[in-house]
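Colleague: Letter by letter, the chains look like this.
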Amino acid sequence: MTFLSPLALLWLLGIPVLVWLWRLAAARRRTTVSSLAPFEHLLKRAPRRRSRLTVNLLFWLQLAGLAAVALALARPVIQSRSGATVLAILDTSAGLEARRHGGTAFKRAQGALRARLARKAPITQVLLVTTAPPAAVTGEPTSDGLALNAAVDAQRTAAQGGRLATAARLGRALLGRAPDEIWVATDEPAPQPMPEGVQWLPAGRAVANTAIIGVDAAGALCEASGSRVVVSLQRFADAPVLGAVVVRQQGRELARAETMLTPGARQSVALDVPADASGWMEIAVESAGDGLAIDDRAWVDMRQGARRPIQVRIGRPALRQTVTEWLAACPALQWSQAEQPSGGAEESSGNAVLLTDDASGAADADMPALIFSPPASPAVPSHWAVAADHPLGAYLSPISVVSAPMARDEGAVAGTPVVSALRGGRAVPVLVADERSGTRTVTLRADPTGLADSVPLLVMFFNSVRWLMDEARPRTTQEGLVIGGWDPGPVTVQQPDGSRITVPSAAGLVRLEDAAPGLYRLSQGSKDVTAAVNFLDPLESNTYAPVSTWQAPEDEPRAAQSAVAAARPRAGAERVPTHHLASALMVALLVLLVAEWLLYGARRRSAG
Amino acid sequence: MSVAAWLTPQLINRLEALELSVRWVRAGSKLGGRFAVNRRGSSMEFADYAAYTPGDDIRAIDWNLYARLDRLYIKTYKEEIQLAVELIVDATASMGLPGPEKFEAARRLAVSLGYVGLADAHHVRLSWIAPGAPSASAWFHQRRDVFRLAAQADAGRVSGAASPSEWVRRAVGALRWHGGQAIVITDALAPPADLFKALHAMSTRNMEVKVVQVISPQELRPGSAFRSGTVVDVETGQSQQLGYSAAELARAMADHNAVVMRFCKQRGMPFAQYRLGTRLEDFITKTLPARGFLE
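Those protein sequence lines, which keep their order, are chains A and B. Here this note's numbering is used: the first residue of the first sequence is 1199, the next is one more, and so on. Here this note's numbering is used: the first residue of the second sequence is 67, the next is one more, and so on.
Keep in mind the hints are simulated off the structure, nothing from the lab. Yeah, the Cβ is synthetic: ideal placement off N, Cα and C, and Gly gets one too. Hints may contain errors.
[Claimed, not checked] In silico DMTMM-like pairs for lysine to aspartate or glutamate, Cα to Cα no more than 25 Å straight-line:
#1 Lys263/B to Glu1238/A
#2 Lys1242/A to Asp299/B
#3 Lys1242/A to Asp321/B
#4 Lys331/B to Glu1238/A
[Stated by the list, open to error] What follows is a set of in silico ranges between Cβ atoms, one per label pair, in the way DEER data are often shown:
#5 Val1253/A to Arg236/B: 40 to 48 Å
#6 Lys352/B to Val1253/A: 20 to 28 Å
#7 Thr302/B to Val1253/A: 25 to 33 Å
#8 Ala356/B to Lys1242/A: 50 to 58 Å
#9 Leu1788/A to Gly358/B: 15 to 23 Å
#10 Lys352/B to Leu1788/A: 43 to 51 Å
#11 Ser305/B to Leu1788/A: 20 to 28 Å
#12 Pro166/B to Val1253/A: 23 to 31 Å
#13 Ser305/B to Val1253/A: 20 to 28 Å
#14 Lys1242/A to Pro166/B: 27 to 35 Å
#15 His244/B to Val1253/A: 28 to 36 Å
#16 Gly358/B to Lys1242/A: 30 to 38 Å
#17 Arg209/B to Val1253/A: 36 to 44 Å
#18 Gln306/B to Val1253/A: 19 to 27 Å
Generate coordinates for the entire structure from the input sequences, incorporating the hints supplied.
Modeller: What follows is the structure in structure tokens.
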């Protein structure tokens, strides 16, 4: 047995104090007796001790209580390999907040897990892991039933989806070995057949739900769209229902559309909003039999729909030819070549997007720019790896083979490499995004000349244009909120519930992990930015027939993979189960106090 | 609960089967009772034969015996008397400790023994060893007087201190003791010399003395209540700093009780110790007959 806080054993010094107090009380006690005559002979000689310590059961109870307190504060633990090790997975994904008849699936999951914990053997070690976000709650396996129950009670559902497989992998990685048992408290259906050693604690019921699974305020990049807001809906039930989609701005209803929602089908609803309406708008869906509230609202910024003009300042004719071919394919885009800005001085000062092969000129222009930095080398095939968590990497395969001329040198480029080519066992940045200085720039270190039909290059080009126009896809709760362009220092964030927090900016970025859906207002000095986080997760919104996430999917989010990788213990570092005794000692102390109280009360009654 | 209420019909039935044990009658008796003693009397109960001497009543001569033996014998008969029974209950402050149950037991004992006496047509009265001039209740003669006796017992209260020997010295004159039976109910925690002096004084007044000690388990094992600190004698107010072991205190108490018991045995005084917590009814109906109080 070891102590986590051995200094607390100094409380044992209270024992001599207790003995001294009892001795003092004994010396001062006056007792009236029937007669001293029987002790006449005894009193003729002096007592051996004048202040003899007289103790009774109360003294021993107090002594035991003091010792229990000191030991509990010292946090004794026993490390032993005896007892089974259990991985308990509590599903905290947003779908468990689905409500039917007042109760939520999450409450049932908590109750089922608590009931299972109550039946566990005292020495069974349990590691509690949540699914959303995938994280270990107890830190390490523990047999402390009180701590486990408290940890279960403290959990809340997250505003994002979660995967049981990721949580299981995380738990195994933390344990350093396969657990003896896995308990899963979730609303998802149990896998068939049930894997050995897995206990499914079902908490779900089929709950009908209507969800917003997508919003678009600008239409497609390359096509003019007549509708200003397009909302994608899906009904999870077995019966159709009439739904209404409402667009509001600051409480004022701007548009409304009604549609019959077909069970299971995804439907798009287009809403015309007034032409002069701009800014953040709230979209809400209303329908009968809607069990989940988190997916009933979304936010979209109408100003982001106004596309910026594009200036093309590319000196190399062949490269300019390729770029203009790509731009010409998009009739909705406004673009101009050379020194002919279409929007006048205002656009050249930052409203336009610059496409250039002159890096120094782009830096002087102080405007969003896509910088082509093509090498003079021949085209060679290479593997390209894509960072999927950046908007520039959208629609690109994580790994693909691309044949393109690219720089041999590995000169540093400021920014975040989004696409890298693997050459000679080293990663060479191909597409680099940078927004630390407050203005977005993208550097493409490959030559697209003559490769106008290359899908990866085409996707990278339009992803870059879209990102530079600030037409990023809507941020979702799964991604969190990441906003760049901040100076070093604290940034004040007003959250959807009205509360304010201060977040430091790191490398010009402000990150809010596990952000709840809603509007966020960030401010630093005179800079004020409003952003929204939407809950757009059809998988999680499906509370009627939840999909099992027990099997690890191929498209597991990169963040989840990172969490698992970070949790992997060192080789050979299998954890020895630790039994915490503090809670047991506190229970013993409580029993002692109750016994002392009863005994003291009985003595008072008998004395009275 | 009053003593009369405690005296249930079931207990009375058991008491009816008992009678006071009388070892000798020196004085303090009146003729006409129902208790037959081995003294020539005029009752119907045959006692013995005696040689005829001139002056004897010739009606008592047993002629059948004369016919067989040719010698004159007379039949003698027992005397039936009424005994004076003094119930003397210690009502000093020590009887109120460690709790009221000690004095309550003493009162119940007194009434129970008094009923046995009344059932035998003896004269019974109750007096308290207490501070002040000795006093006693009126004499009770009949069974129904037991309720008056119980009322007298209920009226008793513990108070103050009284030296047993001094109280007896004054009671001899005040209560006009002239023999009989004295049943002393006390905790016997007075200084032994003083207690012995009182018992001896009663004995010299032609009284057959019986002693019942009522004592609590806490008093028998004083270490459970006190072992150190200051103890105060409730009667004398004397205080003493203690620092003794439980065994030493228990041994001192046992020695004290042994001295009292030995004194009573040497003087032929029946002695019984009633420990609080045991059934008083069993003590009366089983222990007291075994110790020579009742038969």
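Colleague: Please go over all the hints and tell whether each is borne out by the structure.
Modeller: Hint check results:
Proximity of lysine 263/B to glutamate 1238/A is assessed by CA-CA distance (about 18 Å); at most 25 Å being required, the pair is judged to hold. For the hint pairing lysine 1242/A with aspartate 299/B, the CA-to-CA distance comes to about 16 Å; that is within 25 Å, so the pair holds. Only pairs whose Cα atoms come within 25 Å are accepted, and lysine 1242/A paired with aspartate 321/B is accepted, the gap being roughly 15 Å. With a CA separation close to 23 Å, the supplied pair lysine 331/B and glutamate 1238/A stays within the 25 Å bound.
Between valine 1253/A and arginine 236/B the CB atoms are about 47 Å apart, so this pair conforms to the stated range of 40 to 48 Å. In this structure the supplied range 20 to 28 Å is violated for lysine 352/B paired with valine 1253/A, their Cβ-Cβ distance being about 39 Å. One distance hint, 25 to 33 Å for the beta-carbon pair threonine 302/B and valine 1253/A, holds here, with the actual separation near 29 Å. For the hinted restraint 50 to 58 Å between alanine 356/B and lysine 1242/A, the CB-CB distance of approximately 37 Å leaves it violated.
Checking the proposed 15 to 23 Å range against leucine 1788/A and glycine 358/B shows it is violated: the Cβ atoms sit about 58 Å from each other. Our hint of 43 to 51 Å for lysine 352/B and leucine 1788/A holds, since their Cβ atoms are close to 49 Å apart. In this structure, serine 305/B and leucine 1788/A break the distance hint of 20 to 28 Å, their C-beta atoms being roughly 41 Å apart. The supplied range of 23 to 31 Å is met by proline 166/B and valine 1253/A, whose beta-carbon atoms lie about 29 Å from each other.
Hint check: serine 305/B to valine 1253/A, Cβ distance near 23 Å, so the stated range 20 to 28 Å holds. The beta-carbon spacing between lysine 1242/A and proline 166/B, approximately 32 Å, falls within the hinted interval of 27 to 35 Å. A hinted range of 28 to 36 Å for the beta carbons of histidine 244/B and valine 1253/A is inconsistent with their spacing of about 56 Å. At roughly 35 Å, the beta carbons of glycine 358/B and lysine 1242/A sit within the given window of 30 to 38 Å.
Roughly 54 Å separates the CB atoms of arginine 209/B and valine 1253/A, a value that falls outside the hinted 36 to 44 Å. At roughly 21 Å, the beta carbons of glutamine 306/B and valine 1253/A sit within the given window of 19 to 27 Å.
Of the hints listed earlier, those the structure fails to meet are numbers 6, 8, 9, 11, 15, 17, in rising order.
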